[in-house]
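Order-wise, the sequence lines are chains C and F.
For the first sequence, our numbering assigns the number 37 to the initial residue and increments by one for each residue that follows.
For the second sequence, our numbering assigns the number -10 to the initial residue and increments by one for each residue that follows.
Note that these hints are calculated values from the structure, not bench results.
Do not take every clue at face value.
Unchecked claim - With a straight-line cut-off of 27 Å between C-alpha atoms, the simulated DSSO-like cross-links for lysine-lysine are:
{"#": "1", "chain 1": "C", "residue 1": "LYS189", "chain 2": "C", "residue 2": "LYS83"}
{"#": "2", "chain 1": "F", "residue 1": "LYS257", "chain 2": "C", "residue 2": "LYS118"}
{"#": "3", "chain 1": "C", "residue 1": "LYS144", "chain 2": "F", "residue 2": "LYS209"}
{"#": "4", "chain 1": "C", "residue 1": "LYS136", "chain 2": "F", "residue 2": "LYS257"}
{"#": "5", "chain 1": "C", "residue 1": "LYS103", "chain 2": "C", "residue 2": "LYS43"}
{"#": "6", "chain 1": "F", "residue 1": "LYS260", "chain 2": "C", "residue 2": "LYS43"}
{"#": "7", "chain 1": "C", "residue 1": "LYS144", "chain 2": "F", "residue 2": "LYS259"}
{"#": "8", "chain 1": "F", "residue 1": "LYS209", "chain 2": "C", "residue 2": "LYS151"}
{"#": "9", "chain 1": "F", "residue 1": "LYS260", "chain 2": "C", "residue 2": "LYS165"}
{"#": "10", "chain 1": "F", "residue 1": "LYS209", "chain 2": "C", "residue 2": "LYS164"}
{"#": "11", "chain 1": "F", "residue 1": "LYS27", "chain 2": "C", "residue 2": "LYS83"}
{"#": "12", "chain 1": "C", "residue 1": "LYS118", "chain 2": "F", "residue 2": "LYS206"}
{"#": "13", "chain 1": "C", "residue 1": "LYS118", "chain 2": "F", "residue 2": "LYS209"}
{"#": "14", "chain 1": "C", "residue 1": "LYS136", "chain 2": "F", "residue 2": "LYS209"}
{"#": "15", "chain 1": "F", "residue 1": "LYS209", "chain 2": "C", "residue 2": "LYS165"}
{"#": "16", "chain 1": "C", "residue 1": "LYS151", "chain 2": "F", "residue 2": "LYS206"}
{"#": "17", "chain 1": "F", "residue 1": "LYS259", "chain 2": "F", "residue 2": "LYS206"}
{"#": "18", "chain 1": "C", "residue 1": "LYS165", "chain 2": "F", "residue 2": "LYS206"}
{"#": "19", "chain 1": "F", "residue 1": "LYS259", "chain 2": "C", "residue 2": "LYS136"}
{"#": "20", "chain 1": "C", "residue 1": "LYS164", "chain 2": "F", "residue 2": "LYS206"}
{"#": "21", "chain 1": "C", "residue 1": "LYS164", "chain 2": "F", "residue 2": "LYS259"}
{"#": "22", "chain 1": "C", "residue 1": "LYS165", "chain 2": "F", "residue 2": "LYS27"}
{"#": "23", "chain 1": "C", "residue 1": "LYS118", "chain 2": "F", "residue 2": "LYS260"}
{"#": "24", "chain 1": "C", "residue 1": "LYS165", "chain 2": "F", "residue 2": "LYS259"}
{"#": "25", "chain 1": "F", "residue 1": "LYS209", "chain 2": "C", "residue 2": "LYS158"}
{"#": "26", "chain 1": "C", "residue 1": "LYS89", "chain 2": "F", "residue 2": "LYS27"}
{"#": "27", "chain 1": "C", "residue 1": "LYS164", "chain 2": "F", "residue 2": "LYS27"}
{"#": "28", "chain 1": "C", "residue 1": "LYS103", "chain 2": "C", "residue 2": "LYS147"}
{"#": "29", "chain 1": "C", "residue 1": "LYS144", "chain 2": "F", "residue 2": "LYS257"}
{"#": "30", "chain 1": "F", "residue 1": "LYS257", "chain 2": "C", "residue 2": "LYS158"}
{"#": "31", "chain 1": "C", "residue 1": "LYS147", "chain 2": "F", "residue 2": "LYS206"}
{"#": "32", "chain 1": "C", "residue 1": "LYS151", "chain 2": "C", "residue 2": "LYS103"}
{"#": "33", "chain 1": "C", "residue 1": "LYS89", "chain 2": "C", "residue 2": "LYS238"}
{"#": "34", "chain 1": "C", "residue 1": "LYS147", "chain 2": "F", "residue 2": "LYS209"}
{"#": "35", "chain 1": "C", "residue 1": "LYS89", "chain 2": "C", "residue 2": "LYS43"}
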Amino acid sequence: MALISCKNASFDYDGNTVVSELNFEVDTGDYLCVVGENGSGKSTLVKGLLHLKNPQSGEIIYGEGLKSTEIGYLPQQTAAQKDFPASAYEVVISGLLGSKDFSPFFSKADKAAAKSNMELLKVTDLAKKCYRELSGGQQQRVLLARALCATEKLLLLDEPVAGLDPIATNDLYAAVEQINKQGVTVIMVSHDVKTAVEYANKILHLNNEQAYFGNTAGYVESEVGKVFLGTAPQANAALGGAGNV
Amino acid sequence: MFDIFAEMLSYPFITRALLVGVLVALCASLLGVSLVLKRYSMIGDGLSHVGFGSLALATALNFAPLAVSLPIVGLAAFLLLRLSENSKIKGDAAIAMISTSALAVGVIIISMSTGLNTDVCNYLFGSILAMSGNDVLLSVILSIVVIILFVIFYNRIFAVTFDETFARATGTNAGLFNMLIALLTAVTIVLGMRMMGAMLISSLIIFPALTAMRVCKSFKNVIICATIVSVTAFCIGMFFSFTLDIPSGASIVVVNVLYFMVFTLVSKIKKA
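In isolation and in its complexed conformation, chain C is listed as follows:
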C-alpha cells in the first residue's frame, strides 16, 4: 500500500472549489514535486495533506502506519518570525513536541535527536545564534532540522527556496536530496519547475485540477510539461503573442 493515496479529493474555500479530482499516490522513498502557477491549489493541497483542512469530497488515505502527526513540515515563513527572539536550538527542538503526548519537558534522547538533526543540516555552530539574525538560507536549514525532528518518514516542503539566493538555493536542494536518499519521502511544492524535474522522481502538476501526475521522464515529454518548462514551440509563440498585446 502507498504511503499516501489521494482519491478523488477536492478542496474548497467557503464553498468555492479551489482544486478538484486529485488522484495520486506517494510511495515510501519518493521525491514528489508539486508544481503549478499561483492560485492553482498547491498550498491548499498542502493544508489538506497536513489535516489542517478537510477535503470537500474524496479522501486522502495514509498507509504504512503513517500518522498525520508524523509529517515534517517546512512552512512558508510568516512575518512574525522575522523578529522572533529564539535561538536556533530552541526552534529545532520544538519540532519534537508533536511526538510527546503529555510530558512537558524534553528528555536527554530528545536533546540528542535535535543535536543530530542540526549536525545533519550543518547548523550545529548556529545553535546559540538568534533565529532572526540568521540569513535566509540558514533559517530554512534550521526549519528543515526542526521538520526532521518531527518525522522519520515524510517531509512536506512548501516553497522552500522562495527568497533565497542561488548558492543557498543549491545548498538547500542538496540537503533535501541527501535526506531523501536516507529513505525519507519528500513532497515539495515549488515554483522552480526546472529544478523540480532535476531532483524529483514524480511530478504532480496542478491547474485547479490534476493536469499531470506520473514520473518525471513522462512529465518532460507531456504537453503540459513542455509548456511549463518552456520547451514547447507553441508555448514560446503564446508568450511572444502575449508580449505584443
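Model the placement of chain F on the given structure of chain C, informed by the hints.
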C-alpha cells in the same frame, strides 16, 4: 533607602500590595512575551476595559469584585479569540469593539448607581489600598497557578507562539493553547487591575516583554529577563510612589518606560 523600605513594609496595606503586585508582575511578564510575539498585545488592553465594566457591575450589585470580574473577563478572552480566529472581523477591530462596548456599559452602570466619584478614579488608575485580606489569599493562589501552568506548558507555548501552523500540523492542539494563554491573561489582568488601574494594567504585560526583546537572543533569556525587569520595575515604582506620593500604577509604568529606553540604548550601542 533601606529605612524607607522598612517603613513601607510596616504598613500592612503596602505589604499586601507588594506581595500580590510582585506575583502579578511575574505572571504578566511571562504571558506578555507570548502575547507580544503573537501580535496579541492589544488583548491585554481590551480585557482590562472589560475588567473595568465588570468592576462597575460588581460594585453596583454589591458583590465581591474578583468573583464577578474573573468569569466575565475570562469569557471576554474566549470571545476575543473566537472572533479574531473565525469571523470576518479582524483581531484588532474585534478587540476595539469589545473594549469600548465594555467601557460604555461600565460608565452607564456607574452613573446609574454611585455616580462618578473617587471609586471610579481608583478603578481607572489604580489604588494600592484596593487589596483586602481575602483578595490577597485568592490573588496569591491564582498567580501561583498561572506561573505553574506556564512552566508546565512552556515548551508548547513556545511552539505555538513561534509557528502555529507547524505546531498544528505536528499534532499540538494550538487552539487549546491559545485559549490557555488568553485565559491566564484574563486572570492576571483581573488580579492586577485594581492596583494598576484598568487604563494602565496592559503596560505590565507588554513593556517587560518588549524591553527584554531589545537585548536577549533566545526565548528562554527573553522570558527570564522580562520577569526580572517586570518585578524590579514594580518594586522601584512602588518605592517612588511611596516616597514622592504619586499614584502607584502610573509610577510603575514610568519605571517600565525608563527600563525600555535604557535597554533600547544598550542594544543600539551593542550593534554599533
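Hints, one by one, checked against the model:
1. Only pairs whose Cα atoms come within 27 Å are accepted, and LYS189 (chain C) paired with LYS83 (chain C) is accepted, the gap being roughly 18 Å.
2. Pair hint LYS257 (chain F) plus LYS118 (chain C) holds up; C-alpha atoms about 19 Å apart against a cutoff of 27 Å.
3. Proximity of LYS144 (chain C) to LYS209 (chain F) is assessed by CA-CA distance (about 18 Å); at most 27 Å being required, the pair is judged to hold.
4. This hinted pair does not check out: LYS136 (chain C) and LYS257 (chain F) have alpha carbons roughly 40 Å apart, beyond 27 Å.
5. For the proposed pair LYS103 (chain C) and LYS43 (chain C), the alpha carbon gap of about 18 Å is at most 27 Å, so the pair holds.
6. This hinted pair does not check out: LYS260 (chain F) and LYS43 (chain C) have alpha carbons roughly 55 Å apart, beyond 27 Å.
7. Under the criterion of a C-alpha separation no larger than 27 Å, the hint pairing LYS144 (chain C) with LYS259 (chain F) is inconsistent with the structure, at around 35 Å.
8. This hinted pair checks out: LYS209 (chain F) and LYS151 (chain C) have alpha carbons roughly 18 Å apart, not beyond 27 Å.
9. For the hint linking LYS260 (chain F) to LYS165 (chain C), the alpha-carbon distance of about 15 Å falls within 27 Å, and the restraint holds.
10. Only pairs whose Cα atoms come within 27 Å are accepted, and LYS209 (chain F) paired with LYS164 (chain C) is accepted, the gap being roughly 12 Å.
11. For the given pair, LYS27 (chain F) sits about 21 Å from LYS83 (chain C) by alpha-carbon distance, which is consistent with the 27 Å threshold.
12. Among the hinted pairs, LYS118 (chain C) with LYS206 (chain F) is consistent with the structure: their alpha-carbon atoms are about 13 Å apart, no more than 27 Å.
13. Between LYS118 (chain C) and LYS209 (chain F), the direct Cα distance comes to roughly 18 Å. Compliance with the 27 Å bound is thereby established for this hinted pair.
14. Of the supplied pair hints, the one linking LYS136 (chain C) and LYS209 (chain F) holds, its CA atoms being roughly 20 Å apart against a limit of 27 Å.
15. The hinted pair formed by LYS209 (chain F) and LYS165 (chain C) meets the criterion: a straight-line CA distance of about 13 Å does not exceed 27 Å.
16. For a cut-off of 27 Å, the pair hint linking LYS151 (chain C) to LYS206 (chain F) stands: about 19 Å separates their Cα positions.
17. With a C-alpha separation of about 13 Å, the suggested pairing of LYS259 (chain F) with LYS206 (chain F) holds against the 27 Å cut-off.
18. A threshold of 27 Å between alpha carbons decides the hint, and for LYS165 (chain C) with LYS206 (chain F) the separation of about 7 Å falls inside it, so the pair holds.
19. About 39 Å separates the Cα atoms of LYS259 (chain F) and LYS136 (chain C), which puts this hinted pair outside 27 Å; it is violated.
20. Straight-line distance between C-alpha atoms of LYS164 (chain C) and LYS206 (chain F) comes to about 8 Å, which keeps the hinted pair within the 27 Å bound.
21. With a C-alpha separation of about 18 Å, the suggested pair LYS164 (chain C) and LYS259 (chain F) falls inside the 27 Å cut-off, and the hint holds.
22. A hinted pair counts as satisfied when its Cα atoms are at most 27 Å apart, and LYS165 (chain C) with LYS27 (chain F) qualifies at roughly 21 Å.
23. Distance restraint check for LYS118 (chain C) and LYS260 (chain F): the Cα-Cα separation of roughly 18 Å lies within the 27 Å cut-off, and the hinted pair is therefore satisfied.
24. Only pairs whose Cα atoms come within 27 Å are accepted, and LYS165 (chain C) paired with LYS259 (chain F) is accepted, the gap being roughly 15 Å.
25. Note on LYS209 (chain F) and LYS158 (chain C): the hinted pairing holds, with a Cα-Cα distance of about 23 Å set against a maximum of 27 Å.
26. Between LYS89 (chain C) and LYS27 (chain F) the alpha-carbon distance is near 22 Å, which keeps this suggested pair within the 27 Å criterion.
27. Restraint check: the Cα-Cα separation between LYS164 (chain C) and LYS27 (chain F) comes to about 22 Å, which is no more than 27 Å; the hinted pair holds.
28. As the CA atoms of LYS103 (chain C) and LYS147 (chain C) are separated by approximately 23 Å, the hinted pair is consistent with the 27 Å bound.
29. The straight-line distance between the Cα atoms of LYS144 (chain C) and LYS257 (chain F) is roughly 38 Å, outside the 27 Å bound, and the hint therefore fails.
30. Note on LYS257 (chain F) and LYS158 (chain C): the hinted pairing is violated, with a Cα-Cα distance of about 31 Å set against a maximum of 27 Å.
31. For the suggested pair LYS147 (chain C) and LYS206 (chain F), the alpha carbons sit about 20 Å apart, so the restraint of at most 27 Å is met.
32. For the suggested pair LYS151 (chain C) and LYS103 (chain C), the alpha carbons sit about 24 Å apart, so the restraint of at most 27 Å is met.
33. Only pairs whose Cα atoms come within 27 Å are accepted, and LYS89 (chain C) paired with LYS238 (chain C) is accepted, the gap being roughly 24 Å.
34. For the hint linking LYS147 (chain C) to LYS209 (chain F), the alpha-carbon distance of about 16 Å falls within 27 Å, and the restraint holds.
35. Among the hinted pairs, LYS89 (chain C) with LYS43 (chain C) is consistent with the structure: their alpha-carbon atoms are about 16 Å apart, no more than 27 Å.
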